[in-house]
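Participant: Make a model of the complete structure from these sequences and hints.
4 protein chains.
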Amino acid sequence: MEDHPLNSTSCLHIVIDLLKQRGVTLDDIADIVMFLQKNYIPDLTLEYCRESVYSVLKKREVQNALLTGIQLDIFAEEKRILPPLQAIIEADEPLYGVDEVLALAIVNLYGSIGFTNFGYVDKLKYGKLEQLNDKSAGVHTFLDDLVGAIAAAASSRIAHRQKQREECLDTPADSSPPRS
Amino acid sequence: MEDHPLNSTSCLHIVIDLLKQRGVTLDDIADIVMFLQKNYIPDLTLEYCRESVYSVLKKREVQNALLTGIQLDIFAEEKRILPPLQAIIEADEPLYGVDEVLALAIVNLYGSIGFTNFGYVDKLKYGKLEQLNDKSAGVHTFLDDLVGAIAAAASSRIAHRQKQREECLDTPADSSPPRS
Amino acid sequence: MEDHPLNSTSCLHIVIDLLKQRGVTLDDIADIVMFLQKNYIPDLTLEYCRESVYSVLKKREVQNALLTGIQLDIFAEEKRILPPLQAIIEADEPLYGVDEVLALAIVNLYGSIGFTNFGYVDKLKYGKLEQLNDKSAGVHTFLDDLVGAIAAAASSRIAHRQKQREECLDTPADSSPPRS
Amino acid sequence: MEDHPLNSTSCLHIVIDLLKQRGVTLDDIADIVMFLQKNYIPDLTLEYCRESVYSVLKKREVQNALLTGIQLDIFAEEKRILPPLQAIIEADEPLYGVDEVLALAIVNLYGSIGFTNFGYVDKLKYGKLEQLNDKSAGVHTFLDDLVGAIAAAASSRIAHRQKQREECLDTPADSSPPRS
Numbered sequence: 001m002e003d004h005p006l007n008s009t010s011c012l013h014i015v016i017d018l019l020k021q022r023g024v025t026l027d028d029i030a031d032i033v034m035f036l037q038k039n040y041i042p043d044l045t046l047e048y049c050r051e052s053v054y055s056v057l058k059k060r061e062v063q064n065a066l067l068t069g070i071q072l073d074i075f076a077e078e079k080r081i082l083p084p085l086q087a088i089i090e091a092d093e094p095l096y097g098v099d100e101v102l103a104l105a106i107v108n109l110y111g112s113i114g115f116t117n118f119g120y121v122d123k124l125k126y127g128k129l130e131q132l133n134d135k136s137a138g139v140h141t142f143l144d145d146l147v148g149a150i151a152a153a154a155s156s157r158i159a160h161r162q163k164q165r166e167e168c169l170d171t172p173a174d175s176s177p178p179r180s
Numbered sequence: 001m002e003d004h005p006l007n008s009t010s011c012l013h014i015v016i017d018l019l020k021q022r023g024v025t026l027d028d029i030a031d032i033v034m035f036l037q038k039n040y041i042p043d044l045t046l047e048y049c050r051e052s053v054y055s056v057l058k059k060r061e062v063q064n065a066l067l068t069g070i071q072l073d074i075f076a077e078e079k080r081i082l083p084p085l086q087a088i089i090e091a092d093e094p095l096y097g098v099d100e101v102l103a104l105a106i107v108n109l110y111g112s113i114g115f116t117n118f119g120y121v122d123k124l125k126y127g128k129l130e131q132l133n134d135k136s137a138g139v140h141t142f143l144d145d146l147v148g149a150i151a152a153a154a155s156s157r158i159a160h161r162q163k164q165r166e167e168c169l170d171t172p173a174d175s176s177p178p179r180s
Numbered sequence: 001m002e003d004h005p006l007n008s009t010s011c012l013h014i015v016i017d018l019l020k021q022r023g024v025t026l027d028d029i030a031d032i033v034m035f036l037q038k039n040y041i042p043d044l045t046l047e048y049c050r051e052s053v054y055s056v057l058k059k060r061e062v063q064n065a066l067l068t069g070i071q072l073d074i075f076a077e078e079k080r081i082l083p084p085l086q087a088i089i090e091a092d093e094p095l096y097g098v099d100e101v102l103a104l105a106i107v108n109l110y111g112s113i114g115f116t117n118f119g120y121v122d123k124l125k126y127g128k129l130e131q132l133n134d135k136s137a138g139v140h141t142f143l144d145d146l147v148g149a150i151a152a153a154a155s156s157r158i159a160h161r162q163k164q165r166e167e168c169l170d171t172p173a174d175s176s177p178p179r180s
Numbered sequence: 001m002e003d004h005p006l007n008s009t010s011c012l013h014i015v016i017d018l019l020k021q022r023g024v025t026l027d028d029i030a031d032i033v034m035f036l037q038k039n040y041i042p043d044l045t046l047e048y049c050r051e052s053v054y055s056v057l058k059k060r061e062v063q064n065a066l067l068t069g070i071q072l073d074i075f076a077e078e079k080r081i082l083p084p085l086q087a088i089i090e091a092d093e094p095l096y097g098v099d100e101v102l103a104l105a106i107v108n109l110y111g112s113i114g115f116t117n118f119g120y121v122d123k124l125k126y127g128k129l130e131q132l133n134d135k136s137a138g139v140h141t142f143l144d145d146l147v148g149a150i151a152a153a154a155s156s157r158i159a160h161r162q163k164q165r166e167e168c169l170d171t172p173a174d175s176s177p178p179r180s
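The listed protein sequences derive, respectively, from chains S, Z, R and P. Going by the UniProt record's numbering, the first sequence wraps up at 180, each residue one higher than the last. Going by the UniProt record's numbering, the second sequence wraps up at 180, each residue one higher than the last. Going by the UniProt record's numbering, the third sequence wraps up at 180, each residue one higher than the last. Going by the UniProt record's numbering, the fourth sequence wraps up at 180, each residue one higher than the last.
Note that identical chains are pooled: a pair holds if it fits in a single copy or bridges any two copies.
With a Cα cut of at most 27 Å, we get these calculated DSS-like pairs of lysine-lysine:
id, residue 1, residue 2
1, K79, K59
2, K163, K135
3, K59, K163
4, K38, K125
5, K20, K79
6, K38, K123
7, K163, K58
Simulated from the structure, these hints should not be mistaken for lab results. Keep in mind that this is a model prediction, so the values were computed, not measured.
Facilitator: Okay, structure coming up:
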C-alpha cells in the first residue's frame with residue numbers, strides 16, 4: 001500500500017471494503033439508482049445499475065471523497081475531533097454543509113443533470129439512506145450524502161449512455177480527430 | 001438604463017418585472033419557500049418568505065443568472081437560436097444541463113445546505129414549477145430551474161437566520177475585528 | 001440535424017466548426033494545455049494535448065456549454081439582447097459571472113484539480129486567450145472562459161492518465177466487478 | 001462550548017485562534033487580498049482588506065470548511081488517518097482534490113467572479129501560501145487552499161462593494177419590497 005498510495009485499482013477495493021464495513025453494499029446503492037431511473041428506462045436491471053455504481057467508484061475523485069468523508073465519520077464516532085466540530089458532525093447539524101460539498105463534487109463528475117436526483121433522494125431518505133440517518137446506528141453524517149451522490153452519479157451515467165445507444169442505431173461512429 | 005448597466009437597485013426592478021412578464025410573482029416563489037421550510041419553523045409567515053425571496057433577488061449574481069436564462073428562453077420561444085441548440089432548449093432536453101448549472105450558481109451563494117432543497121422541488125415540480133413545466137405555455141427551460149433555485153436560496157437564508165436568532169438569546173454580540 | 005438534436009458525434013463536428021468560425025482551433029487550445037502541463041510531463045507532445053482537447057469536446061455537457069455561450073456572444077455582437085444584459089455582456093462586465101459559471105461546469109467534469117489551472121490561464125490571458133480578450137475583435141465574453149476551461153479540463157485528463165500509466169507498470173489490471 | 005456548538009460568534013474566535021495556531025494571521029490573508037485587488041482599486045488599504053477577510057470568516061460555511069480542513073491537516077500530521085488516505089494527504093498528492101473542493105465552496109459564497117483569483121494565487125503560491133506549501137513546516141494540504149479561497153472571497157466582496165459605492169453616487173437607494 002505504501003508504495004502506491006493512489007493506485008486506483010487497489011484503492012477501489014479498499015473503498016468497497018470500507019463501504020461494507022460501514023454497512024453499505026454495492027447493491028444498496030444500485031437499489032437507489034434503480035428507484036431513480038426505472039421510470040425512464042423500462043428494461044433497466046439491478047445488475048446494470050450495479051455496474052454503473054462500480055464504474056463511478058473507479059474514479060479517483062470519488063474514492064478520495066469517500067475515504068475522506070468516512071474517515072471523518074469514524075473520527076466523530078470515536079469522539080476524537082476537536083470542539084466545536086465534534087458536536088457539529090456527531091449531531092449532523094443542519095447548517096453543516098461540508099458533507100453536501102463533498103457529495104456535489106461526485107455528482108459534478110457526471111454533469112449537472114445529477115443535481116436534481118441527488119437532492120431528491122437526499123430529501124426522501126430513500127432505501128439505505130433512511131437507515132444511515134438513524135443516529136443510533138453510528139455516525140454517518142458524510143456517508144449518507146456520499147451514497148446519495150454515488151447513486152445520482154450512476155444514474156446520470158446511465159442516462160448519458162442510454163442516449164448514446166439510441167443515437168448509435170442511426171449514426172455511423174466517427175471518433176478520430178480531424179487533421180488541422 | 002444605458003448609464004448604469006449594472007446598477008443593482010434598478011436591475012432588481014427590471015428582474016422583478018421580467019419575472020412577472022414570464023408569469024412568475026414573488027408570491028409564487030415565496031409559496032415554494034413556505035413549502036420547504038414550514039416543517040422546521042412553525043410560525044413562518046408567507047410575508048417573511050417573500051422578504052427572503054426579495055433579498056435573494058437583490059444579489060447581482062442572481063440577477064445576472066435570471067437575465068441570462070430568461071433571455072435564452074425568449075430567444076428559444078422566438079426560434080432565433082442556431083441549431084442544434086434551438087431544438088435542445090425548446091424541448092428542455094433531459095441531458096441539457098446548462099439550466100441546472102445557472103441554478104446551482106444561485107443556490108451556492110447561500111451555501112451547500114440548499115442543494116437538497118433545490119433538487120427536491122425541481123423533481124417534485126412543486127407549485128408554480130409544475131405550471132412552468134407545461135410545454136404548451138411557452139419555453140421556460142431556464143426559468144423553472146431558476147425559480148426553484150431562488151426558492152432554495154431563500155430557504156437557506158431563512159435557516160441561517162433562524163439559527164442566529166436562537167443563538168442571540170444567549171450570546172452577547174461581539175463583531176468588531178480584533179487588533180492584530 | 002432536426003432528427004437527432006443531441007447526437008453527440010454530429011454535435012462534436014458542429015462545435016468544432018463553430019469554434020473555428022469564432023477564430024479558435026483545436027491547436028489553439030492544445031497550446032494552452034501544453035503550457036499548463038509541460039513542466040510536469042517532460043515528453044508531452046502537442047499532438048497528445050490535441051487529442052485530450054478532442055476527447056473533452058466529445059462530452060455532451062461541454063458541447064452544450066459551448067453552444068450556449070457562443071450563441072450568447074453572437075447575440076451580443078448583433079446587439080439583439082435586451083438591456084441591461086446587452087451592455088453587460090458586450091462590455092464583459094467584471095461582475096458578470098455567468099461565463100465563469102459555464103466554464104466551471106466544464107472543469108468540474110474532470111474533478112477539482114482543474115480549478116487552479118483554469119483560474120491561472122484565465123488571469124494570465126495566455127496564448128489565444130489574450131486575443132479573445134481584445135474587445136476590437138468581436139464579443140467573446142463567454143468564449144475566452146470556455147476555451148480556458150476546456151484547456152484546464154484537458155490538462156486534468158492528462159494528469160489523471162499519466163498517473164494511471166505509472167501505476168500500470170507495477171499493478172495487474174483487475175476491473176471486473178466483484179460478486180456480491 | 002458544548003451548549004452552542006454552532007454559535008457563529010464564538011465559532012469565529014475559535015477559527016481565528018485555530019488559524020493563528022497553524023501560523024496564519026488575518027494580516028497574512030489581507031496581504032493576498034491586497035495583491036489581488038490593488039490594481040483595480042487605487043486607494044485600497046490593508047485595513048480595508050483585513051475587514052473584508054474578517055467578514056468572510058463570520059460566515060458559518062467558511063468556519064465549517066476551515067474547522068474540517070484544519071482538523072484533517074492535524075490528523076495527518078499526527079499520522080492518525082487510515083491508509084491510503086494518510087499518505088495521500090501527507091504528501092498533498094496532486095490528484096487529491098478534496099482540498100480544492102472545500103476551497104471552492106468558500107469562493108462560491110461570493111459568486112463566480114472569485115474562481116479566477118483563487119486559481120491564480122493557488123498556482124502562484126503568493127505570500128503566505130508559499131510558506132504553507134513548504135512540506136518541512138507541517139501538513140497544510142487543506143490550509144493553503146482554504147487561505148487562498150478566503151482571500152479570493154474577500155476580494156470578490158470588495159469588488160462587489162466597490163461597484164455599489166460607485167452606483168450610490170448617482171442612484172437613490174430603494175430597498176423596500178414592492179407590494180404585490
